[in-house]
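Asker: Fit chain B to the supplied structure of chain A, relying on the hints for placement.
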Amino acid sequence: MKVFLAVFICKTLYFLGKRVGKGSSLPGKVALRLFPDVLGCLSLPDMIIAVTGSNGKTTTSELIVRVLKANGRNVGWNYEGSNQTEGVATLLLRIASFSGKVKRDTIVMVCDERYAKWIFKKVRPTVLLVTNLCRDQLTRNGHPEFVEDCLREAIEAAGEGVQLVLNADDPYVAALAFWSGETQDRGTVHLSCNKSLQTKLRTDEPSPCLVSWFGVSPDNIAPPRMGMYDDGAFCPVCKARMVYKYRIAGHYGSYSCSSCRLKRNEPDVEVAIQDRGTVHLSCNKSLQTKLRTDEPSPCLALKIKQPSITNAYNYCAAVAVAEAVGVSVSDSVKALDNYELTGGRVISLPVGGSDSLLLLSKHENSFAYDCSLSWIVQQKKPCTVIVLVDAISRKYYTSETSWLWDIDFDLLADDNVKCIILAGRYVNELAARFAMSAVDQTKIKYVADLSGLSVCLDRNGSGSIYAVTCFSDKTKLLKALYIKQ
Amino acid sequence: MNKNNTLKKIKILYLYPDLMNLYGDWGNVAALERELVYRGCEVIIDRKSVGDDIDFDNSDFTYIGSGTERSQLACMRDLMRYKDVLTERINAEVPMLATGNSHELFGQAVTDSGGVRHEMMGLLDFETVQLNTRITEDCLCECSFLTDKVIGFINRAGGEQKGDIERPFSVFPREGAGYPACTEGIKYKNQLGTYLTGPVLVRNPPLLSYFADIIAGEFVGESIKRDDMFFEYQQKAYESALAVL
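Residue numbers (the working numbering), protein chains in the order written: chain A, 1 to 485; chain B, 1 to 245.
Hint data in this document are derived by calculation from the structure and do not stem from the laboratory.
From the three backbone atoms N, C-alpha and C, an ideal C-beta is built for every residue, glycine too.
Treat the hints loosely; a few may be bogus.
[Unchecked claim] The calculated BS3-like cross-link candidates involving lysine-lysine, where the alpha carbons are at most 27 angstroms apart (straight line), are:
id, chain 1, residue 1, chain 2, residue 2
1, B, K48, A, K245
2, A, K11, A, K103
3, A, K263, A, K245
4, B, K149, B, K236
5, B, K236, A, K476
6, A, K29, A, K101
7, A, K474, A, K305
8, A, K395, B, K236
9, A, K380, A, K362
10, A, K2, A, K117
11, A, K117, A, K263
12, B, K236, A, K362
13, A, K117, A, K101
14, A, K22, A, K484
15, A, K445, B, K236
16, A, K476, A, K362
17, B, K236, A, K474
18, A, K305, A, K362
19, B, K236, A, K443
20, A, K395, A, K122
21, A, K117, A, K103
[What the hints assert, rightly or not] Now the stretches of chain B that chain A is said to cover, found in silico as 3 or more residues with beta-carbon under 8 angstroms:
id, region
22, 11-23
23, 62-75
24, 130-136
25, 144-155
26, 232-245
Okay, chain A solo, but in the shape it has when bound (with noise of 0.2 angstroms):
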């Protein structure tokens, strides 16, 4: 009774809730409140994975799903972006029967990295992707370590059996893995995971989990330039100097800990971008991969519609996910080839020239800003940047923005940024860490009231327009511009 009541309240809600535009977090908020335990009583698929990590969960779940499904996998998922525990409980309730039993052969859960231990006490995955770890909301997260402690807590949570897919690139995801192999040094995480075949034939550590690992390969790909902090200079582990032999973005690269074992896992999956212009990406196949299957190609080829380092490490992940849960990586490279993301962080802007862009960059994250400016740069062609920040989350009020000192705003001392609109709320917070930049000061204008922002635009914007802002001010951005979403 318990069960058909939680399905039936959290289906009607979740009904009520998309007829208003609402309410992916809601239902199972009030299905949970009611019934506490009542996810424990569903009769989950076999297959679950949990996506996790800083940046790219709802991108990277968005590509396992396509491929899962183009392999004939019944998928669930909770598409909306509510990755809490509500956001899970709505998910598998609203595709249960009311018998309770959950109607998909597959499960692919986006959970929020600091609520993933709570969510795995309920619901245990079997497959666990970590993205990465960077700065990010730091009103709420506090720094990357103490979200490194959150996710041992989940790996915990988790239990044995998990199969682990995490970034080889990040020395904080590797740490996970790391600390697993050093339970008993430190007391906090224990995880007896079964020794995979291809960990035996790379390592012989104690106790390793179940690990694959993905990466991106520096072919093609500039030294990054060393933004205003860096987040790799010492191991996460033991603090000691790290040493890179080469970096993709940010703390991501080829690294090695100057005193304890930490360093980079050579990739299960890796992805070389072959030419950034033509968007062509090809995924190796590691030693062990190789190992243990008899296909034939090593090599793969795909193009994406969006081609960014980013994007890159989402791709790669999907394949080393579903590689995981037995899907080739020939099969997953022709389910995704061509595929074009319906979330994705770039939309085209009717305005300036034909190729001007809003870069959708998450607030409280300099690695997403850094990203874009970046990109803005290497673009080679005449431009005005616009950086809007006016709500800095859609749930709470902050005065804080330290991010904002954190972003590399030098990158737009360019020729080529001809105008730089600054604009919103927090106008004079963006003026006063721009003042401290290297960026010509008469290149930038200032718009506190959005409704100045197009005629800001008009007298002032040429050659192509990037709007750089979050998702919490996407809409209060097109429709200051007067485009209809």
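Answerer: What follows is chain B alone, placed relative to chain A:
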């Protein structure tokens, strides 16, 4: 300019800019440099990190930013060798600012979230207990040594600090915050420590002036025209945050 019509040379010692670095701490040093240049000083910034020889003797101001809890312990291991000279400098009233958890280094000990007690430099009589939780909160503070209010953001491990020491900030968190009204920070002579993180001196023009006054000393002669828009934007941002917090 000073009385002799020469530029006053100021050395800012910026400690562990790579290790103790959470969210824009560098802005504090950049803002102070701007302010001192405006006041006619010639500013040298001396950045020192793990393993470097640190020359405290000729510095006019020392800054350490916030770090993760693991970074804090690594910083402690390195800085301990300068315990005596740091004590000397603090007693000689050389100004110093430690934002975030770096100020805990000057206490007796830090007990981490696993219950392990780590000896700190013991220059001041307080100690910290950290918990496995996080406090992240916008704050408005009354300040014991300024008439103006101070704004900022606390981003620290949960827990508490015990000790008999002047607490310079009376914190008034926003309504509904998970942080109680309390006092926080440390103040001893010209040393200031606070749990406020990030570019505190950018966000608080009065606090920036306070340190610049101590560092630059008596200021005689014509001031350089204040045409740097940074100060105007900084003031406006401060006022708009004050209006909301």
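Asker: Would you mind marking each hint as holding or not holding in the structure?
Answerer: Hints, one by one, checked against the model:
1. K48/B <-> K245/A: Holds. K48/B to K245/A sits at ~24 angstroms (cutoff 27 angstroms).
2. K11/A <-> K103/A: holds, 14 angstroms
3. K263/A <-> K245/A: holds, 11 angstroms
4. K149/B <-> K236/B: Distance of about 14 angstroms is within 27 angstroms: holds.
5. K236/B <-> K476/A: holds, 23 angstroms
6. K29/A <-> K101/A: Holds. K29/A to K101/A sits at ~20 angstroms (cutoff 27 angstroms).
7. K474/A <-> K305/A: Between K474/A and K305/A the Cα gap is close to 21 angstroms, so the pair holds against 27 angstroms.
8. K395/A <-> K236/B: Distance ~25 angstroms between K395/A and K236/B Cα, so the pair holds.
9. K380/A <-> K362/A: Holds, at roughly 24 angstroms.
10. K2/A <-> K117/A: holds, 25 angstroms
11. K117/A <-> K263/A: It holds: about 26 angstroms lies between the C-alpha atoms, which stays within 27 angstroms.
12. K236/B <-> K362/A: Cα-Cα ~25 angstroms, so holds.
13. K117/A <-> K101/A: OK: K117/A and K101/A at ~24 angstroms, within 27 angstroms.
14. K22/A <-> K484/A: Cα-Cα ~20 angstroms, so holds.
15. K445/A <-> K236/B: Measuring from Cα to Cα gives roughly 16 angstroms; hence the hint holds.
16. K476/A <-> K362/A: Holds - the C-alpha atoms of K362/A and K476/A are around 15 angstroms apart, at most 27 angstroms.
17. K236/B <-> K474/A: holds, 25 angstroms
18. K305/A <-> K362/A: This hinted pair holds, its Cα atoms lying about 21 angstroms apart.
19. K236/B <-> K443/A: This hinted pair holds, its Cα atoms lying about 21 angstroms apart.
20. K395/A <-> K122/A: holds, 25 angstroms
21. K117/A <-> K103/A: holds, 25 angstroms
22. 11-23: holds (count 5)
23. 62-75: It holds: at least three residues are needed, and the region 62-75 of chain B offers 6 whose Cβ sits within less than 8 angstroms of chain A.
24. 130-136: holds (count 3)
25. 144-155: That given contact holds, which follows from 3 residues of the region 144-155 of chain B lying within Cβ reach (below 8 angstroms) of chain A.
26. 232-245: holds (count 8)
Every hint from the earlier list agrees with this structure, and none is contradicted.
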